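Asks: So you can see what is in the structure, the chains are spelled out below.
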Amino acid sequence: MKKTLTSSVAIAALCSSAAFAEDLTVFGPWLGPDQANVEQVLADFAAKSGHNVSYVGSDSFEQQIVVDAEAGSAPNIAVFPQPGLAADMASRGFLTPLKDGTADWVRENYAAGQSWVDLGTYAGPDGSDNLYGFFYKVDVKSLVWYSPENFEDAGYEIPTTMEELKALTDQIVADGETPWCIGLGSGGATGWPATDWVEDMMLRTQTPEVYDQWVSNDIPFTDERVVAAIEEFGAFARNDDYVAGGAGAVASTDFRDSPKGLFAAPPQCYMHRQASFIPAFFPEGTEVGADADFFYFPAYEGKDLGSPVLGAGTLWAITNENQAAHDLIAYLQTTDAHEIWMGNGGFLTPLKGVDSSKFIDAPTAKMNDILLGATTFRFDGSDLMPGGVGAGSFWTGMVDYAGGKDAAAVAGEIQSSWDALK
Amino acid sequence: MDNIAGTKSSLTWVVHISVALLVALWLFPTVGLFVSSFRTADQIATSGWWNALFPTEQSLVLRAAAPDAQMQEGGLYVIEGNLFEGEGLSDDIDMSAWGTSSRDVAAYAPGDTADLGDGETITVQANGDYRIESPAEMSGSRGQRVFVTAELPPDFTLANYRQVLLSGDATDSMAKAFFNTLTVTIPATIIPIVVAAFAAYALAWMDFPGRALLIAIVVGLLVVPLQLALIPLLKLHLGIGIGKGYLGTWMAHTGFGLPLAIYLLRNYMVGLPRDIIENARVDGATEFQIFTKIILPLSFPALASFAIFQFLWTWNDLLVAKVFLIDATGQTTVMTNQIVELLGTRGGNWEILATAAFVSIAVPLLVFFAMQKYLVRGLLAGSVK
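Heads up: the sequence lines are chains B and L, in that order. No gaps in the numbering here: position 378 of the first sequence is 378 in my numbering, and each next residue is one more. No gaps in the numbering here: position 147 of the second sequence is 147 in my numbering, and each next residue is one more.
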């Protein structure tokens, strides 16, 4: 009843403003199939509100939004793939705070609501904190992909603890096979898949508080707990027996190509740790749930840290205020906005009220359960660090580390680049 | 005759061989890209383009029909069919081995019978015909997975070209982007040439104080990176009301192209014989007449060579278009941007990249071949006296 009440209030709010139809431009990072999905959501908004909505995607969103904002030709709404850039733009006065009450709505209706509010709250140009970003469409990163039939052929069981995962890894090696496919290559962003590994390992070896302090640099990169997490990643990636193509191939293999080894005949590897979007790069015709499946990247049983989940998400912020922009943010708070994209796939949401039967398939619903069932949810740390670190020295440092450099030395370099930015 | 014209250098062969090597060096990746543009994403990911040209031994993962296709024959449940059916493979595949487990994909020879456990057996023939027999009713939703090792003929597809050329709707298609690109490119080539030709004539043949300084400034502007000017210029455009659009893009391209254009044309015009121009002056021609009647026709190779440069640069440009043209309404997109969009949110669609490269190369190639003799002549004339 409550759900219907809130959504009818939202729709009433939409209808009341429909008399003043406005042009609304939305600029985001999505292209290709995702663009069709977001346009479908926006078309529904346009039909309900009467505004004229247009969407443009760009692969160089992060650069272009800065150029447009600097020059004063910003779109009405920008969809940021990472909060770091949004925080930066908010502090320079390019973003408009969301309407009062949005924060309360998020706190109440999103799973782990407070953490989503915190992630979207930044200091404005005058230094006061406001909610600038509304999260819509999130990704889960703590997933391990595998081929169920290959597991069946070999008689492997899905590990439920990190200890079991390591034992399985050793068993696959003992059977004369290669357990992991790891690829860090991504053009100018080469190295980012390794930062996800390290963040996941951080959450599995340390408390969330330590993770937060690491992300805000309250504890330095050179802290032994951080170095230990990097070495946990190295235990997988720097072992020639563990990785397809040997440890030397990790840094040079493209992340988009690396999961294909799962489906080769004979298989080049058995497991691949990657975020929920990776099925887009599986060979054509691969059916998630049958040909490929995933399990939660497990936590150590012996450490009692619950089941932490690492994720990411896109946040919508107003870069050029008009009534239509506020209407769109209000529309995103309706379950319709979430369920339309859910039905097209590739969409997860922390919104508690959605009808999970609307997910395109069972695997996506299962993924969303991992998200909702997390005892700890933490945002991708490298996206929260300053750009020079999280999208710079952390990436290159991890490439160096995968290439054989010492973990402490790599951590020292990343920390000194961070110090230089302060 | 040889001894009259002088002896041929013994280094001729070295020159020929190095030319051949350089040509091969340039052609090799181009041919690879061309072959890749006819392959699917999965093919590109699993094998190199050089393998695509010849029949190769490959391991395929195929699937028998699902258990709901089973029929009862006597006391047995049987599924029969052909593995290659509906896979889009050619008919005359000759398999050399097959297997049912990912651990041993070439365990059996064609005609062998494999045990699937619980009394279930599968027999696969060389032509892909299979027969699964089971004493009990089979269950499950998916068919038995069969790994096949076979020699496959080269397999090419036009699907990439179809996607690049024909995908998208009326407002968001390659055809629209093509005409948008022409709308940007043609004025952005003509305007700087017209402006630069006048300027170059003045700098070459008209005496006025500060001429040498002006030339030095133009040469100095050659080294200024255009990235420096992007945001200030866009702010200016928005400030004076041009906004984002074609006019701003033409002006930006003109501005960024002018230093090179003036420098190139001035160097060429300075090399024209002084006598002709002085004769014309003596005969009473005005400066404008000298320019239009004498200088312009004589400078045609230099004008053409710069036109090619400017055309190629504006045709391939993405940066200036993104900053000055493409706004949030998405109505104005250019080919380079359309290609980037086709690559998808996370990039990595190499097959589209290869195909798009050949689509976008077509017009510049036409322009180049139509005007290439001027290009060489214009370049040499500007430098070698």
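In case anyone wonders, no lab produced these hints; they're calculated from the structure. Just so we're clear, the structure is a prediction, and the values are computed from it rather than from any experiment. A virtual CB, placed ideally from N, CA and C, is assigned to each residue, including glycine. It is possible that part of the hints are untrue.
To be verified - With the C-beta cut set under 10 Å, the calculated list includes, among others, these residues of chain B facing chain L:
{"hint": "1", "residue": "66"}
{"hint": "2", "residue": "68"}
{"hint": "3", "residue": "71"}
{"hint": "4", "residue": "174"}
{"hint": "5", "residue": "177"}
{"hint": "6", "residue": "280"}
{"hint": "7", "residue": "293"}
{"hint": "8", "residue": "295"}
As the list claims (entries may be wrong) - Simulated restraints, written as ranges between beta carbons of each label pair:
{"hint": "9", "chain 1": "B", "residue 1": "108", "chain 2": "L", "residue 2": "221", "range": "29 to 39 Å"}
{"hint": "10", "chain 1": "L", "residue 1": "245", "chain 2": "B", "residue 2": "213", "range": "45 to 55 Å"}
{"hint": "11", "chain 1": "L", "residue 1": "30", "chain 2": "B", "residue 2": "36", "range": "47 to 57 Å"}
{"hint": "12", "chain 1": "B", "residue 1": "125", "chain 2": "L", "residue 2": "241", "range": "50 to 60 Å"}
{"hint": "13", "chain 1": "L", "residue 1": "165", "chain 2": "B", "residue 2": "344", "range": "49 to 59 Å"}
{"hint": "14", "chain 1": "L", "residue 1": "76", "chain 2": "B", "residue 2": "171", "range": "34 to 44 Å"}
{"hint": "15", "chain 1": "B", "residue 1": "160", "chain 2": "L", "residue 2": "96", "range": "36 to 46 Å"}
To be verified - Computed footprint of chain L on chain B; a stretch qualifies when at least three of its residues, placed anywhere within it, have a C-beta under 8 Å from a C-beta of chain L:
{"hint": "16", "stretch": "39-50"}
{"hint": "17", "stretch": "112-126"}
{"hint": "18", "stretch": "259-267"}
{"hint": "19", "stretch": "365-374"}
Asks: What are the numbers of the hints that this structure violates, sorted from low to high?
Replies: Numbers 4, 7, 8, 9, 11, 12, 13, 16, 17, 19 - these are the hints that the structure violates, sorted from lowest upward.
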